[in-house]
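These protein sequence lines map, in sequence, to chains A and B.
Going by this note's numbering, the letters in the first sequence line up with residues 258 to 369, in that order.
Going by this note's numbering, the letters in the second sequence line up with residues 3 to 121, in that order.
Rather than coming from a laboratory, the hints here were simulated on the basis of the structure.
All values derive from a computational prediction rather than experimental measurement.
If you only want the chain B side, here are some residues facing chain A, beta carbon under 7 Å, derived: (1) Ile95; (2) Phe112; (3) Gly113; (4) Pro114; (5) Gly115.
Each residue gets a CB set at the ideal place from its N, CA and C atoms; glycine is no exception.
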Amino acid sequence: GNSVTQMEGPVTLSEEAFLTINCTYTATGYPSLFWYVQYPGEGLQLLLKATKADDKGSNKGFEATYRKETTSFHLEKGSVQVSDSAVYFCRRYGGSQGNLIFGKGTKLSVKP
Amino acid sequence: GAVVSQHPSRVICKSGTSVKIECRSLDFQATTMFWYRQFPKQSLMLMATSNEGSKATYEQGVEKDKFLINHASLTLSTLTVTSAHPEDSSFYICSARDPRAGGWDFEQFFGPGTRLTVL
Numbered sequence: 258g259n260s261v262t263q264m265e266g267p268v269t270l271s272e273e274a275f276l277t278i279n280c281t282y283t284a285t286g287y288p289s290l291f292w293y294v295q296y297p298g299e300g301l302q303l304l305l306k307a308t309k310a311d312d313k314g315s316n317k318g319f320e321a322t323y324r325k326e327t328t329s330f331h332l333e334k335g336s337v338q339v340s341d342s343a344v345y346f347c348r349r350y351g352g353s354q355g356n357l358i359f360g361k362g363t364k365l366s367v368k369p
Numbered sequence: 003g004a005v006v007s008q009h010p011s012r013v014i015c016k017s018g019t020s021v022k023i024e025c026r027s028l029d030f031q032a033t034t035m036f037w038y039r040q041f042p043k044q045s046l047m048l049m050a051t052s053n054e055g056s057k058a059t060y061e062q063g064v065e066k067d068k069f070l071i072n073h074a075s076l077t078l079s080t081l082t083v084t085s086a087h088p089e090d091s092s093f094y095i096c097s098a099r100d101p102r103a104g105g106w107d108f109e110q111f112f113g114p115g116t117r118l119t120v121l
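When you get a sec, could you build the whole thing from the sequences and use the hints?
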């Protein structure tokens with residue numbers, strides 16, 4: 258079935274370091290892809306999205322490019338801040354039933 | 003953007019009691035809402051899809067008699083955990099589909115979640 262595979266955490270970085278969180282998806286159909294962020298004790302917030310191949314989603318310094326050739330949607334940020342500490346979820350949506358599929362989440366901790 | 007609220011944010015109850023969690027879309031009418039469960043350090047698991055005015059559609063393995071879902075209006079869906087037990091302790095999150103979002107039916111907005119602890 259359809260799935261999303263996300264790199265396991267936790268990821269610990271120093272402030273201003275470069276961040277990459279990998280996400281790959283099953284290629285069935287033409288899914289839309291999303292990254293969500295969950296701050297401690299809160300619900301999910303949409304961070305960015307891409308609806309077709311080669312689209313780049315961006316928000317708050319984060320970017321992710323929908324790459325069909327590698328079935329990937331890796332999340333990147335050039336310089337992380339302490340306030341970016343959260344859990345990040347990759348999500349796949351597509352198909353007749355919707356397929357509301359989330360990755361397992363990657364916890365990011367940024368140290369000052 | 004669209005706002006979804008949940009109430010309560012935290013609830014502690016005794017084993018055997020029932021707990022109701024509300025999910026409201028504050029500035030839009032949501033014909034479809036979703037209920038998720040999140041275990042510690044794990045992803046969200048879709049429990050059910052709630053459609054206004056009709057029965058909820060439950061995912062495989064979710065007990066419909068234990069997790070009662072009611073979507074009586076376009077802005078409110080409720081999840082009732084009946085005869086709660088400690089293993090039901092979890093973080094429950096709802097989301098709502100905003101039909102105004104350019105026709106994309108994947109556009110969901112999430113509530114802040116409800117932490118349920120069953121003693």
